[in-house]
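*Asks:* Letter by letter, the chains look like this.
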Amino acid sequence: MIQVENLHKTFKARTGLVRAVDGVSFEAPDGRITGLLGPNGAGKTTTLRMLYTLMRPEQGRVLVDGHDVVSDAGRVRRSLGVLPDARGVYKRLTARENIAYFGRLHGLDEATVEQRTAQLVEALQMEDFIDRQTEGFSQGQRTKTAIARALVHDPSNVILDEPTNGLDVMTTRGLREFLKTLKAQGRCVILSSHIMQEVGLLCDHIVIIAKGKVMAQGSAEQLRRTSGEDNLEDAFVRLIGSDEGLAA
Amino acid sequence: MKTVWTVMRKELLDFFRDRRTMMLGLLMAPLLFPALILGMGAMAESRARTQLESTLEVPVSGAERAPNLVAYLETRNIEVIDPPEDPHTAIREQRYDVILDIPVDYPESWRQSRPALVEVLYDSSRQDSRIPVRRVESALRAYSRQVSAMRLVVRGVDPALGQAVVSGRRDLSTPEARRGMALSFLPYLLILSAFLGGAYLVIDITAGERERQSLEPLLATPSAREAIMSGKIAAACVFGMLSLLLILLSFKLSFQFAGSGPFRGVDVSFAAMAKLLAILAPMVLIGTTLLTLISASVKSVKEAQSYMSVLMLLPIIPTVILLISPVKNQLWMFAVPFLAQNQAILMVLRAETVEPLEWLVYLGAGLGLGLLLWLIAARLYHREKLAISG
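Chains as they are written, first to last, in my numbering: chain A, 1 to 248; chain B, 1001 to 1390.
Hints may contain errors.
[What the hints assert, rightly or not] Dumping the calculated DSS-like pairs for lysine-lysine here, alpha-carbon to alpha-carbon at most 25 angstroms: (1) B:LYS1299 <-> A:LYS12; (2) B:LYS1002 <-> A:LYS12; (3) A:LYS91 <-> B:LYS1002; (4) A:LYS91 <-> B:LYS1385; (5) B:LYS1002 <-> A:LYS213.
[As the list claims (entries may be wrong)] To be clear about the criterion: a stretch of chain A counts as covered by chain B if any three or more of its residues have a C-beta under 8 angstroms from a C-beta of chain B, and this derived list gives those stretches: (6) 48-57; (7) 94-108; (8) 213-225.
None of these hints come from the bench; they were simulated from the model. We put the beta carbon where it would ideally sit given N, CA and C, even for glycine.
Whenever a hint applies, use it, and build me the whole structure from the sequences.
*Replies:* What follows is the structure, encoded as structure tokens:
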């Protein structure tokens, strides 16, 4: 369960201050998939970075299972699985070694690491490449490795930044099924995307973000209704007020 | 502590998987340094020997005015040849190392038993002419002494009256110390290897990892950032010490095989090598933490690397200062980084004992500085900007 209340974050740029996140609030309950939908540069990644403790909110707060991400960062990190925008997989280690490294950093013992790796390899269908060095991996193999690495400590909350970015149709479908099993296991899943079909198919709750602000939120059905548009894409365009950064 | 171990193991595994970089990093210096040192030593020695022993050709202008002197020079293995048109230009254009000029009034002064002037023309800025000039001057001095002694004898005076004091020299330096002088550049090589030997590894595992964006997930784990950083520093220190060990072994082997030459008898026992390793250990720590600090504060690997040229000069500073104003070993020196290493290494190579108090000051100052840099680097590791790139 992740609660986000009135988040603000600004960056200094040459042209002056940029309000990357400007008053974002939403709630992501357990057993649900919550999607942040927005054009490129809307502030999705910055919002997620504040959720997974790498950035400090200037204003507002984030509670993960009731713990504050700033004052109780260590505890929050233990209950979070994170897939960052850049996957950051070590290319000279095998997929298995990548996963084990993070397992150890989470304080797991070797037996648990091994057991969790076996489960994830099966769930993500990584048998073919688990013992290969990740240099030369396809985008899909890299993403799977990074996801397995993020979930090795069995976290109750999962944050994924653009999980299907750059994946082919079959891998995307497989990943979608995997995310649904995470939801079925009662985890809180938050993902970001700029692809509305993706979010429409997968998410129970959609938060539309543009220019650092929440433009609308609700289920796909609710969004269609409030915007008065039949399809989600038109609803999205209407809700963010422009068609910038739109990808079908 | 477990995190430190986990991170260190991973970084070393990652590094050793990159075979080619590893080989270059570990083996280049041990192969290159001895070749460099022994080669240079051998060259310098053979050059000095040929300059000292071969026949020296010296152009003498006005040779006909001093046939006696010319004959004497020939007995000292100096061959008198015809002078060039313009001796001054000839020296400036480096066509000759040294030219003798016998002025017109030489015969007149000679006959009247007054001091007769002989000019030695040379260029003091040329290293190469040093030995020939010395040879010519010493021949002239010897000739002058011989002739003046004969003049006194002819007049019935004991030539010994012309000398009130005779100075004698006795060199009390130990043979090891004399050889140690030839090694004044060795500390620089060793300190530099210790200080920057693991530089690429350090830069890669902080600035490089940030650039590859794998620092973001790493820092999102519950492991303490200090522990992650310490693991990386530990990995770089292990690598640094390993490479130093190989360099010292290569020095040991090559000095032993070199046999003769200026490096004969340098203390290369295993005990001395162990001492050198202990001396260089704080330097490895200082270099690694300093580079970690730099890597954590810059935006890119490129920016971190541009600090390298400045860092490479740091170890030279004490050597240069000592060259300009040599001072006796004092206790405070063991607290100054680079200078301390320089002094301590020279002492070991000269087979002198480093006192326990000196060890204490040395290790205290070195490890203290390492700890300070570690603390600053740890602060930088907590910056928000470090984890985020792009």
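*Asks:* If a hint holds in the structure, say so; if it doesn't, say that too.
*Replies:* Do the hints match the structure? See the list:
Proximity of LYS1299 of chain B to LYS12 of chain A is assessed by CA-CA distance (about 15 angstroms); at most 25 angstroms being required, the pair is judged to hold. As the CA atoms of LYS1002 of chain B and LYS12 of chain A are separated by approximately 38 angstroms, the hinted pair breaks the 25 angstroms bound. At most 25 angstroms may separate the alpha-carbon atoms for a hinted pair to count; LYS91 of chain A and LYS1002 of chain B meet this at roughly 23 angstroms. Between LYS91 of chain A and LYS1385 of chain B the CA atoms are separated by roughly 24 angstroms; this keeps the pair inside 25 angstroms, and the hint holds.
About 42 angstroms separates the Cα atoms of LYS1002 of chain B and LYS213 of chain A, which puts this hinted pair outside 25 angstroms; it is violated. For a cut-off of 8 angstroms, the count of residues in the stretch 48-57 of chain A with a CB near a CB of chain B stands at 6, and the three-residue condition holds. Remark: the stretch 94-108 of chain A is confirmed as covered by chain B, as 7 of its residues place a Cβ nearer than 8 angstroms to a Cβ of that chain, reaching the required three. Coverage of the stretch 213-225 of chain A by chain B is violated in this model, with 0 residues showing a Cβ closer than 8 angstroms to a Cβ of that chain against a need of three.
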